[in-house]
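Visitor: Read off the chains here:
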Amino acid sequence: MTKKLKNMTDTNLLLTITIVVFFLMYIGAIVFQGKGFLKPQTFFNILNANAALIILSCGMSLVMITGGIDISVGGVTALVSMCCAVYLDYKGGNVVGSLFIALGIGLAFGLVQGFLVAYLDIQPFIVSLAGMFFARGMTTIVNTNPFNVANEEFVALKETRVIIPGLGSVNKLGKYVNAYVEIGVVVAIIIVILMFIVLRWTKLGRSFYAVGGNKQSALMLGINVKRTKFLSHVICSLLAGIGGYVYFLHVGSGAASHAAGAEMNAIASSIIGGTMLTGGVGNIAGTFFGVLSLSTIQNIVSSAGLDQAWWTGITIAAMLCLFLVIQSVVMSRKNAAMKK
Amino acid sequence: MKIRILSMFLTVALLTVPLVACGKTAETDSFDGIYEDEEYVETDEDVVVVGFSQIGAESDWRKVNTESMKETFANAEGYELIVDDAQQKQSNQITAIRRFIQQEVDYIVLAPVTEDGWDTVLGEARDAHIPVIIVDRMVDANNSLFTCWVGSDFLLESKKVTSWMNKYFTMQGIDGSEINIANIQGTYGASSQIGRTSGLSQAVRDNGWNFLGAECGEYTQARGREIMAQFLNKYRDINVVYCENDNEAFGAIEAIEAAGRKAGNNIKDGEIMVVSFDGVSDEALDKAGEGKIACIGECNPLHGPRVLEIIENLEAGITPNKFEYVDESIYSGEDRITTISVDGQSYYVTVLNK
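Protein sequence lines correspond, in order, to chains A and B. Under our numbering, the letters of the first sequence match residues 1039 to 1378, in that order. Under our numbering, the letters of the second sequence match residues 3 to 356, in that order.
No lab work stands behind these hints, which were simulated from the structure alone. Glycine residues also receive a C-beta, built at the ideal position from the N, C-alpha and C atoms. Any given hint might turn out to be false.
Said to hold, decoys possible - List of simulated lysine to any residue pairs, SDA-like, C-alpha gap at most 20 Å: (1) Lys1196/A to Asp129/B; (2) Lys1213/A to Arg128/B; (3) Lys1213/A to Gly125/B; (4) Lys91/B to Gly1299/A; (5) Lys1213/A to Pro133/B.
Unchecked claim - Just some of the chain A residues that point at chain B, by a computed CB distance under 8 Å: (6) Lys1077; (7) Asn1209; (8) Leu1211.
Using the sequences and the accompanying hints, generate a full structural model.
Guide: Below is the structure:
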C-alpha cells in the first residue's frame, strides 16, 4: 500500500483528494439539504450553469501547469459575448459566422499574449492583466448597453436540450420530467476529454509539465521552452474564445459585466482541482471536479437560504485554504515517506 | 501501511465535515432560530416555501425591499422564505430559479434585473406548476408565463415629478427655454429606467425644455457623482439634473458641492435643481426637507405584505389581479405646491418640514 502511495505521482495524488472531497461534499449536501440534491437534474443544472467555467478552467490549468497564469479569460468571455451578440442582432449575421468570431477573438488574444510572454519574456500576470483591461474596455466600445439576442437561429440553438435517458425525476405533480443538459455541456465534456488525452498521452502534453516543473531541465531535454509556453497561451485563449461562446449560448445576451470574476473562479477551480501555482503539477480531470466542487458549494450556500452573497465568497475562501492545507500536508508526508 | 491511507482519508473527511456543519449552524443563527433545524430543510408538507430571487443590494430602495419581504414572511405563520442574492446578474437569477424548481418550492417571487430573456426559465417554472410572482420591474414575456406582477407605475412616478417641476417653473416665472436639463439614468433596460426616462422625454417635448444629455448612472452614488462632475464640465449652463434614484442624486449633490456650486431650487441665482425618485431612506427625505433635492417621486418598496396577501389568496384558490400597482406619493420641501395634476387626475404632494 505504501509502495502504491509512493509510486503515485503528485498529480494523481492530488486528483484523488479532489474527487474524494467532491463526493463527500455532495453526499453531505444530500444528507443536510434534503431531496433537492438527490435529483439528477440538480447536478445537471450545475453543469449547465458552469459549462463555460469548465472550459475556461481547462485553459487556465494548462497555463498554470506550464508555470504561467492568464487572467484575461473573463474579459475575453465578455468580449466574445458582446461581439457575437452585436453581429447576430445588429449585423444580421448567422450562427456559423458568430462561432468564427469567437474563435478569432480567442486566437488573436492567444497569439499576442503568448508572443509577449514566451518570446519577450514578460511576466504572464502583467501581460494578461493588460489583456483583461483591453478586453473589458473593447466590450464597452463595441456596445455599451446590455441586450438579449433575438436571432431565431441562435435562440433555437440556445434552447436545444440534450435529453439524458433514464435520469429524469418525478415532479410534485407526479409528472415525469426528463433530465437534460445544454449544448454547452457537451462541448465542455469533449474539451475536458481532449485536453486530458493531450496532457497525459502526447509528447506536447508532457512538455507542458516539463516546462512548468523545471525550465532548465526541460531545456536540457531538448524541449523548445519558448514555443511550449507560447502554445500554452494560445490554447488557453482559444479555449477562452470557445468558453466565451458557450457562456454566450447559456445567457443569450451581450453585456459588459458578463463573466465578471470568471478568471478568479477559473484559478480557484484549478487549485481545488490539484493544479499547483508553482507549475508542473495538475490534471484536467481534477480541474473538472474543481469546478464542480466550487459550484456545489455555491449551490449549498444558496439552497440553505443564506441570502447574503458574501457567504458564498467566505465558504469558497475556506475551501481554498482547506485544499491548500491538504495539498501541502499530503505532499510533505509523501516526501517524508519517500525518504525513509 | 493501511493506517497511512486511512489517516489521509480521515483528514479529508474531518476537514470537510466542519465546513458543512459550519454552514449549517450559521444558517440557523442568522435567522434567529426561526426554523427548527432539519424540519426546515425537509420542506414540510404544511409549510409554504417561497423562493425569492432578489437582484442584489445596490441601493437603499433594494435593501428596504428585501427587508420588507424577509420581515413579512418571518412574522407570518407557516411560511418560509429562501432569498437568493443575484448580485446584479441575470444568469445568477436564472440559476436560482432553476434551483428553486429542483427544491420544489411552492411559490417563486422574482425581482427581475432586466425585462427580457425570461421566456425559457419561466416556461420551466410553469411546467413544474410553480406560480411565479414578479415584483418591482416588469418582464417582457408572455402573460401566461407568470401569475401576477406587483410593483410601481414608473411612468406615472415620472409624470408626477415632471409635472411638479413644470408647476414650480411656472410659479417662478421661468420660461421653458431657460431650463437646461441633464439626465442621470438608471440601469439600462430596467423598467424603472425605461419608465422614468420616457416620462422625462415627454415632459421635455411638451414644455420646451433644453435637453442636454443623458448618461447611465447604474443607480449608484459613485456613478452619480462621476457623471454629474462630467456634466458640470461639459454643460456650463446646466441648471436642472434629473436623477433616476436617490443614490444617484446623493452623488450628484456631492459633485455639485465639490465644484463649489449649490444644489437647490433657486435656479435663477445659479443653484442647480436636483430631482430624484424612491424616497425610502431618511437621508433622502432630509435632503428633500432641506431643499437640496427639490422633489422626490416616491417608489414604494414595501412589497412584502402585498406578496404575502397574493400568496394567501392563491392558497385559498382566489386568482389575483394580473397587475397590482402599489400606492405612491411625491415628496418635496417646497410648501407652496400642495397638489399637482397628471392626465387630468390630481395628486397630493407630501410637504416635508425643514
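Visitor: Evaluate each hint against the coordinates.
Guide: Status of each hint after checking the structure:
1. Lys1196/A to Asp129/B: 19 Å, holds
2. Lys1213/A to Arg128/B: 13 Å, holds
3. Lys1213/A to Gly125/B: Between Lys1213/A and Gly125/B the Cα gap is close to 16 Å, so the pair holds against 20 Å.
4. Lys91/B to Gly1299/A: 12 Å, holds
5. Lys1213/A to Pro133/B: 17 Å, holds
6. Lys1077: 6 Å, holds
7. Asn1209: At 5 Å from the nearest chain B Cβ, Asn1209/A passes the 8 Å test, so the hint holds.
8. Leu1211: Hint holds; Leu1211/A Cβ to chain B Cβ min 5 Å, cut 8 Å.
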